[in-house]
Every structure is written in structure tokens, then in C-alpha cells.
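A.B. asks: Going down the list, the protein sequences come from chains W and S.
For reference, each letter of the first sequence is one residue, going 1 to 102 in my numbering.
For reference, each letter of the second sequence is one residue, going 1 to 489 in my numbering.
Calculated directly from the structure, the hints in this document are not laboratory data.
The beta carbon of each residue, even a glycine, is placed where N, CA and C say it ideally should be.
Hints should not be assumed to be uniformly reliable.
[What the hints assert, rightly or not] 27 Å max Cα-Cα, derived DSSO-like pairs, lysine-lysine:
1) S:Lys-303 / W:Lys-18
2) S:Lys-92 / W:Lys-18
3) W:Lys-31 / S:Lys-345
4) S:Lys-48 / W:Lys-22
[What the hints assert, rightly or not] Here chain S is said to cover these stretches of chain W; the calculated rule only asks that three of the stretch's residues, wherever they fall, bring their Cβ under 8 Å from a Cβ of chain S:
5) 7-20
6) 24-34
7) 72-83
[Unchecked claim] Computed, partial: chain S to chain W, Cβ under 10 Å:
8) Tyr-101
9) Tyr-304
10) Leu-321
11) Arg-458
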Amino acid sequence: MASRIDQDQVKHVAGLAKLELKDNQVDYFTKQLDDIIGLFETLDEVKTDNIEPTSSVSDQLNVMREDVADNWGQRGALLANAPESENGYIKVPAIIDESEDE
Amino acid sequence: MNYFGKDLATLHDDLLNKKITVVDLVQQTFDNIDKTDPKIGAFLALNKEAALKKAAEIDAAGVDADNVLSGIPLAIKDNIVTKGLTTTAASKMLENFKPIYDATVVEKLAALGTVNVGKTNMDEFAMGGSTENSAFKITKNAWDQDRVPGGSSGGSAAAVASGQVIAALGSDTGGSIRQPAAFNGIVGMKPTYGRISRWGLIAFASSLDEIGPMTRTVKDNATLLSALAGHDGHDLTSSTQEVPDFAAELNDTTSVKGMKIGLPTEFLGEGVDEGVKAAILAAADKYRELGATVEEVSLPHNKYGVAAYYIIASSEASSNLQRFDGIRYGYRADDVTNLEDVYVKSRSEGFGDEVKRRIMLGTFSLSAGFYDAYFKKAAQVRTLIIDDFKAVLKDHDFIMGPVTPTTAFKIGDEISDPMTMYMNDILTIPVNLAGLPGLSLPAGQVAGLPVGMQLIGRPFDESTLYKAGYVFEQATDYHNQTPSLGGQA
Numbered sequence: 001m002a003s004r005i006d007q008d009q010v011k012h013v014a015g016l017a018k019l020e021l022k023d024n025q026v027d028y029f030t031k032q033l034d035d036i037i038g039l040f041e042t043l044d045e046v047k048t049d050n051i052e053p054t055s056s057v058s059d060q061l062n063v064m065r066e067d068v069a070d071n072w073g074q075r076g077a078l079l080a081n082a083p084e085s086e087n088g089y090i091k092v093p094a095i096i097d098e099s100e101d102e
Numbered sequence: 001m002n003y004f005g006k007d008l009a010t011l012h013d014d015l016l017n018k019k020i021t022v023v024d025l026v027q028q029t030f031d032n033i034d035k036t037d038p039k040i041g042a043f044l045a046l047n048k049e050a051a052l053k054k055a056a057e058i059d060a061a062g063v064d065a066d067n068v069l070s071g072i073p074l075a076i077k078d079n080i081v082t083k084g085l086t087t088t089a090a091s092k093m094l095e096n097f098k099p100i101y102d103a104t105v106v107e108k109l110a111a112l113g114t115v116n117v118g119k120t121n122m123d124e125f126a127m128g129g130s131t132e133n134s135a136f137k138i139t140k141n142a143w144d145q146d147r148v149p150g151g152s153s154g155g156s157a158a159a160v161a162s163g164q165v166i167a168a169l170g171s172d173t174g175g176s177i178r179q180p181a182a183f184n185g186i187v188g189m190k191p192t193y194g195r196i197s198r199w200g201l202i203a204f205a206s207s208l209d210e211i212g213p214m215t216r217t218v219k220d221n222a223t224l225l226s227a228l229a230g231h232d233g234h235d236l237t238s239s240t241q242e243v244p245d246f247a248a249e250l251n252d253t254t255s256v257k258g259m260k261i262g263l264p265t266e267f268l269g270e271g272v273d274e275g276v277k278a279a280i281l282a283a284a285d286k287y288r289e290l291g292a293t294v295e296e297v298s299l300p301h302n303k304y305g306v307a308a309y310y311i312i313a314s315s316e317a318s319s320n321l322q323r324f325d326g327i328r329y330g331y332r333a334d335d336v337t338n339l340e341d342v343y344v345k346s347r348s349e350g351f352g353d354e355v356k357r358r359i360m361l362g363t364f365s366l367s368a369g370f371y372d373a374y375f376k377k378a379a380q381v382r383t384l385i386i387d388d389f390k391a392v393l394k395d396h397d398f399i400m401g402p403v404t405p406t407t408a409f410k411i412g413d414e415i416s417d418p419m420t421m422y423m424n425d426i427l428t429i430p431v432n433l434a435g436l437p438g439l440s441l442p443a444g445q446v447a448g449l450p451v452g453m454q455l456i457g458r459p460f461d462e463s464t465l466y467k468a469g470y471v472f473e474q475a476t477d478y479h480n481q482t483p484s485l486g487g488q489a
């Protein structure tokens, strides 16, 4: 059977999801994802012309609430969960990679 | 002490009559967990200090005579956030994560005076059916420690089944309460979508996720559902439907008389173990004996449920799990010098393989050029699955069948084969897709391993499922069977 997803596509999808696969994982994930996408394609047997898609089964519609700000006053506890922080801010590495300016 | 042979009512009496104090009950619960958990591995974290402190407060104030949950120790699945108590969802990504608030269900239980003894193991981010996808430990089946407890709420199920706690919270996206309940011979309810607030449940697939109780008996389960259910301003999908006192309705052991039960042909088809099938057919005969009519019905799109589910759930997961980026909380990779690397390396090192598989499947299903063929198609098939249930439940009070095609499998047997693992959920997944309530309860054993029966009802009609479950439980002895763990006092 023709493969449904190849290694390049798997690497592309991983990139979209901000994941990086090691070389030895690409082969393994490609085989597994190909099998599973094969399962997805069994849905082709089902006639769905004019069938509305379902995205939610909630019985609640348009729930409204007052637009009130709620300050939880937990900046310290929130920052304690951040991997790195300084002076009350979350710290991250530089956003612009200067090596790309060359 | 263990909780074999006990229920909330008897424990409540013991507490009220001062046969035992809340502090002693909590202390003895921890003593038993310390003794048995090296064998079972149900817990990721114990909440000893805070639990004993709360127990002492309840003792000082007095156990509430009108509230059967007052002073009762419970366990909580580790994807439900607990303020100040590490909540990991069994992922390296959240290994050191301390929530700054309590989930609504945790808040409700605390207000009723229950005592949180700890957080239970699970498949990472609730993705899996064996608890083998935990980043931290393997949990064992209470009945056979070479076998999986099921998943993803495997820790909660094993904790209840091994007598460590009388009840625990689980969550169910495709069977994660019902399947481990079945594998461990206990009672598990996945309520109607929206019945219980998901505020504070770490999101996996938001249109499918539902919290629910796992207990030894149907009545205890019903008591807990009433305590957990109700509308919550923090979760706008939580329902404003009235919440009955489900347990109070359970006093009639003949209430299935005249009921019409549907038994789907597809639930006893290919791949369903003969022993499991026999147990369910015997249960059907039991219901007939009790005055109900059981007739064969059909859910023709059931077999497409697994495919539709893995597209929809993975798509929602790929979106929900974008928040784990190594910036505000959670794991951040070392030695990263630019922002892109923070994202990519933190996610690649922080997530396990099953989570990566689901994120990639979801990203693929939603990506340009594939959306119509996969995501939209699955959402349409979901509609057909809902219509199948509607047609049957129009003139049947509920549907019965097995929870799983087999009893618990061996640790290591299926973990390297995701497709086989996914197919285990074929009988539970359609219920999530349709948002219906599903109750799992013990219905016998095959070769010393529990078999679970699943009862599926109309939206917000958990009452009928509890009544039917209670009647079956009272007419059988399966819920009184307990595993022998050795060394337990």
C-alpha cells in the first residue's frame, strides 16, 4: 500500500507543532502515524454528504456574564512557577537571533 | 486499615459515633497506603501534612451529621489542579508545577469536608489506556500486579480497588474512567458532557473531557456525582440543568421492572473476548429476571468511533497543548539561547512519545489541505454516531454492553503498538463523542480478572443508570469481591 505520510511530511508536521524529532525517531513515528492515518481513512467508507459536523455537545448557548476585572493578587505564586524570572517579570532568551542578521 | 467492605454510609456512622476520629481515619489511610503502594504504585504525591491538619479541624468542629462526605479521605487524579500541591498530569512538562488555585471539583469537595490524601498516577496528559504513559511510574492492576490498571485514570482505579481509599476522582475523554474501573472491578461514572465543571481540569480534548467519580459501590458513586455536579461560571460549557440527589433515589431494588434495555449487536462483535461476552449476556439475563426487556439494537456507525475520535481528540489536544511552551510555567530546556529553541527543545524534552504522537496527528488533521478530509469528516461522522444513539435511546431506557473488549492486559504487551492500544477504546469512545453518561460497574470475572459492564443513558439521565446499576449490584455479589494483596491489615 502506498504510504499515507512520509518522513518529510512527519518532520514538517513536527515543525509546525514546535517539536523536534531525533533522526532515529523519524522512522518510528512515520510508521506509527502512517498506520493511524490509515485508520482515519476508513472514514471514507461513510457517506457524509449534507451531514452537519458536530464540534460541541454542550447544552449551553451564549452564556453571558458581567465584564468585571478580577485581580487574583497572586503575582508571586504565578512567577514562582516560571522557569526564570527577574524583577517581577518572566525572563526569556532574546527573541531576535542576531546571527540571522548577517 | 483498608476500605474493603465499607461504604460512605458505614464510614459516616463510625465517624459520627466516634468509633474512629477523622485524624485516625486519615492516619490509618496513609499507613495502609505506605504499606500497599510499593506494590500498586497508585500515587504520585501524598498530601499528608495538609490532610492531617484538615482532619484535626474537622474533629474539632465535629463531623457534620447531615453530610455523609464530612471527614472522608479521597484521592484526586493528577490532572485536576490542587492549590499549592504539585499537579503534574504525569508529565515531565509539569514535574514542578504548583497550581495557584483549586479546580472547582476540588473546591466543592473541600467545602463538603472531604480530605484530599493525594494525587494519583495516570497516562501523561490523560493520553493512554494503561497508565504506562506516565513519565514517573508504572501503576499495577489491583488484581494482578503483572497487569495494567487501565488508563488513563489507572492510579485512581487501583487506589480504590486495592482498598487504599473509598473513592477517587478520575477524568474520561475516551474511556479513561470507565475502562480502568472495569479493569479493577470498581464503579466509574463518566457523566453527561457539561454535568461537572471542567475548571481546573488540565485540558486534553475540551469537547470530550469530563470529570467523574470512581468508587466501590453505585450508591457512593451517586453521592459523589451530586456533590461534584452543577453549573460553574468558570466553565461556560457546564450545564445549568438541575442536579438531583442521585443517591436518595436508590432504595428500590425492583426499579428496572418494565424498563426497555438496548443491547447493541456491535458491542458483542468481533474482537470481544468470549468470557467478556458471556458475562454481559448473563447480566442481560439478570435484567430480564428482574423484569426488564432486553433487546438487540444496532449502532451502525460505532465501528467508526475510534477513527473519528483520534482525529477530533488529537486535533483538540494539539491546540490545547500549545500552551506548554517553556515560558510561563512548566519545563524549560537548559542551554537554550533563543526563543524558538525554548519552544522546540522544551516541548521535545518535556513531552513523552504518546503526547507527541497525538500532537502530530492533530496538527496533521488540522493542517492546510487535510482539514476537510480528516477533521471535518470526523466531525460529520460524530454527528452520525450521535444520531445512532438518539435513535436507540428514543425507545430504550438505556443501553448496556461491555466496557472493554478484554480484561486487563499485561504490562508491556501493548505499549509499543499504539493502534492495538487505541482499539481497546472502541466501546467507550462513542459515548464521549455523543456526550452521553456512561456507567461502568463490575459484572463478573474471567480467569480471576474483573469484567466491567457499561450502561449508557440519555443526556442528563444519570439517574436511570444509577438505578439500573444499583438494582444489578444488589442482585449480584461482584462488588463484594476484593483482590488479595497480601500484607494488608
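A.B. asks: Indicate, hint by hint, whether the structure satisfies it.
C.D. replies: Here is how each hint holds up against the structure:
no.: 1; hint: S:Lys-303 / W:Lys-18; verdict: violated, 33 Å
no.: 2; hint: S:Lys-92 / W:Lys-18; verdict: holds, 17 Å
no.: 3; hint: W:Lys-31 / S:Lys-345; verdict: holds, 23 Å
no.: 4; hint: S:Lys-48 / W:Lys-22; verdict: violated, 41 Å
no.: 5; hint: 7-20; verdict: holds (count 9)
no.: 6; hint: 24-34; verdict: holds (count 3)
no.: 7; hint: 72-83; verdict: holds (count 8)
no.: 8; hint: Tyr-101; verdict: holds, 8 Å
no.: 9; hint: Tyr-304; verdict: holds, 6 Å
no.: 10; hint: Leu-321; verdict: holds, 9 Å
no.: 11; hint: Arg-458; verdict: violated, 12 Å
In this structure, the earlier hints numbered 1, 4 and 11 are contradicted, and the remaining ones agree with it.
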